[in-house]
Amino acid sequence: MTTSRLQYDFDFAVAGGGPAGSSAAISLGQYGHSVVLFEREAFPRFHIGESLLSTANDAFTALGVTKQIEAACFPNKWGARLFTHDGQSGRYVDFTDVREVTRPQTYQVCRQEFDRILLDRAREVGVDVREGWNVSACEFAPDAAILDVASRTDSSTRRVRVRALIDATGRGGLIARKFNLRTDEPRLANIAVFSHYTNVPRLEGSRPDDIRLIARSDAGWFWLIPISKELTSVGVVLPVRLYRRLATGSPEDTLNSAISDTPLVADLMCKARREWPVRVEKDFSYSASAYAGDRWILAGDAGFFLDPVFSTGVSVAMESGIEAAAELHRALMRNDFSASSFAAFSRRHRKRFKTFRRFVVGFYTPQFRDIFFSPEPPSLIFRSVVTILAGRWNASLWTRFLNQLFFGAVSIQKRFNITPAVFRRDQDAGYPSETRSEKACERTNAPTLANARRPGSS
Numbered sequence: 136m137t138t139s140r141l142q143y144d145f146d147f148a149v150a151g152g153g154p155a156g157s158s159a160a161i162s163l164g165q166y167g168h169s170v171v172l173f174e175r176e177a178f179p180r181f182h183i184g185e186s187l188l189s190t191a192n193d194a195f196t197a198l199g200v201t202k203q204i205e206a207a208c209f210p211n212k213w214g215a216r217l218f219t220h221d222g223q224s225g226r227y228v229d230f231t232d233v234r235e236v237t238r239p240q241t242y243q244v245c246r247q248e249f250d251r252i253l254l255d256r257a258r259e260v261g262v263d264v265r266e267g268w269n270v271s272a273c274e275f276a277p278d279a280a281i282l283d284v285a286s287r288t289d290s291s292t293r294r295v296r297v298r299a300l301i302d303a304t305g306r307g308g309l310i311a312r313k314f315n316l317r318t319d320e321p322r323l324a325n326i327a328v329f330s331h332y333t334n335v336p337r338l339e340g341s342r343p344d345d346i347r348l349i350a351r352s353d354a355g356w357f358w359l360i361p362i363s364k365e366l367t368s369v370g371v372v373l374p375v376r377l378y379r380r381l382a383t384g385s386p387e388d389t390l391n392s393a394i395s396d397t398p399l400v401a402d403l404m405c406k407a408r409r410e411w412p413v414r415v416e417k418d419f420s421y422s423a424s425a426y427a428g429d430r431w432i433l434a435g436d437a438g439f440f441l442d443p444v445f446s447t448g449v450s451v452a453m454e455s456g457i458e459a460a461a462e463l464h465r466a467l468m469r470n471d472f473s474a475s476s477f478a479a480f481s482r483r484h485r486k487r488f489k490t491f492r493r494f495v496v497g498f499y500t501p502q503f504r505d506i507f508f509s510p511e512p513p514s515l516i517f518r519s520v521v522t523i524l525a526g527r528w529n530a531s532l533w534t535r536f537l538n539q540l541f542f543g544a545v546s547i548q549k550r551f552n553i554t555p556a557v558f559r560r561d562q563d564a565g566y567p568s569e570t571r572s573e574k575a576c577e578r579t580n581a582p583t584l585a586n587a588r589r590p591g592s593s
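Here my numbering is used: the first residue of the sequence shown is 136, the next is one more, and so on.
Worth double-checking, as some hints may not be accurate.
[As the list claims (entries may be wrong)] What follows is a set of in silico ranges between Cβ atoms, one per label pair, in the way DEER data are often shown: (1) S546 to K486: 20 to 30 Å; (2) L515 to S424: 33 to 43 Å; (3) Q142 to T196: 42 to 52 Å.
[Claimed, not checked] When the alpha-carbon atoms are kept at most 27 Å apart in a straight line, the in silico DSSO-like pairs for lysine-lysine are as follows: (4) K486 to K313; (5) K202 to K364; (6) K417 to K486; (7) K417 to K313; (8) K313 to K489.
Read the hints as simulated data drawn from the structure, not as lab findings.
Fair warning: this is a prediction, and the values are worked out from it, not measured in the lab.
Where is the CB? At the ideal position from N, CA and C, for every residue including glycine.
All chains, please: the whole structure from these sequences, using the hints.
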């Protein structure tokens, strides 16, 4: 499909060349539309967010990059290993237990290479990819989206007119900031400090490259993610209060301090060598009051981002980018780019956010951790939890009901110890306070047993 050059420079524009933007652009190109993608950086470039979910495989198939991803030989991920700070209690999160995903095995990726694969695929399907170009402003007329773009190499500028825009600018939030849509998550006001290391021992057994999630004795936690044969991404996430206590010097000092007072991590890192500068990401959890409007849609981190504890970022980015492209394709077919025409996308994206948010917020309570890290939780209920954590946010009603039982157990743990209380409850542990609205939400969020059936039941 081609556009009228008298009226539009391209059918559609995508701002941002990360997984959300590349996925959206690839999908639009596959539909046959003319597409321009503006990415402010020159690839390859560093980016955090290296662990994928099982549902990423569906996106790879849709985008036509499965062979390229396999050829890259990224470390295989079959799930996660959970450990307490001392290594004495924990369990395995096994994606092969999930029956609602097409393929359980996924990957831990080096984002420089992974993002380049997606951007190259966009070029293959005919997308006009402009690296080093920043979308500095955007306006929305009744019949067009109008972008002001600037080259970061020679400072040249131009104006581009398209039918609609997909904003995939991540934390930069081109449209969210323009329309004041962004809403911070006060209960997830956390800070991540991280770097890449060599000489970090891998897990023993047949799945050495799975992510290790190590809970500190307080509200913080570590990730250890193998991203190549040599490199391991190591980071600590701390609520602001804990970060302020630990951050007495440079970022390197903060990370080293967190490592040294977490016994299991200290043991694993005793021979490690840091290969990259230590980086800090602050206040990185937020949502938006709207995910679509007249001639625009937010995809990936431009719409919402949650604390990285369950590795939702990249998989959500690709999935939402593909869905945003499908919305624009349908909008062109019916010649309706109004906000109301994107209502289904907005509902779906908000449900996705709320589903994952519930688990992320829950993780920052000691009672959730007591049960989640328990060596032997009820297998049927825990399998339903793993289904969501594998990326199947739109799981069956039966799975959602079992998830509600899990959160019911968390609520009971707040009053009675149905499993040993492993994690600290004192104020210095740094857990955020639960709001009244969230307590009310817990009481009204349950699907009823009468409506919940096992998959395959009649």
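Agreement of K313 and K489 with the hint, judged by alpha carbon distance not exceeding 27 Å: 24 Å, holds
L515 paired with S424, Cβ distance criterion 33 to 43 Å: 37 Å, holds
Assessment of proposed distance window 20 to 30 Å (beta carbons of S546, K486): 22 Å, holds
Given hint K313 paired with K486 - CA-CA distance at most 27 Å: 24 Å, holds
K417 paired with K486 [C-alpha distance capped at 27 Å]: Holds. K417 to K486 sits at ~25 Å (cutoff 27 Å).
Cβ separation of Q142 and T196, checked against the hinted range 42 to 52 Å: At 35 Å between Cβs, range violated.
Pair hint K417 and K313, alpha-carbon separation not exceeding 27 Å: 21 Å, holds
Pairwise hint evaluation, K364 against K202, where the allowed Cα distance is 27 Å at most: Since the Cα atoms of K202 and K364 sit roughly 20 Å apart, the hinted pair holds (cutoff 27 Å).
Comparing the model with each earlier hint shows a violation of hint 3 alone; every other hint is respected.
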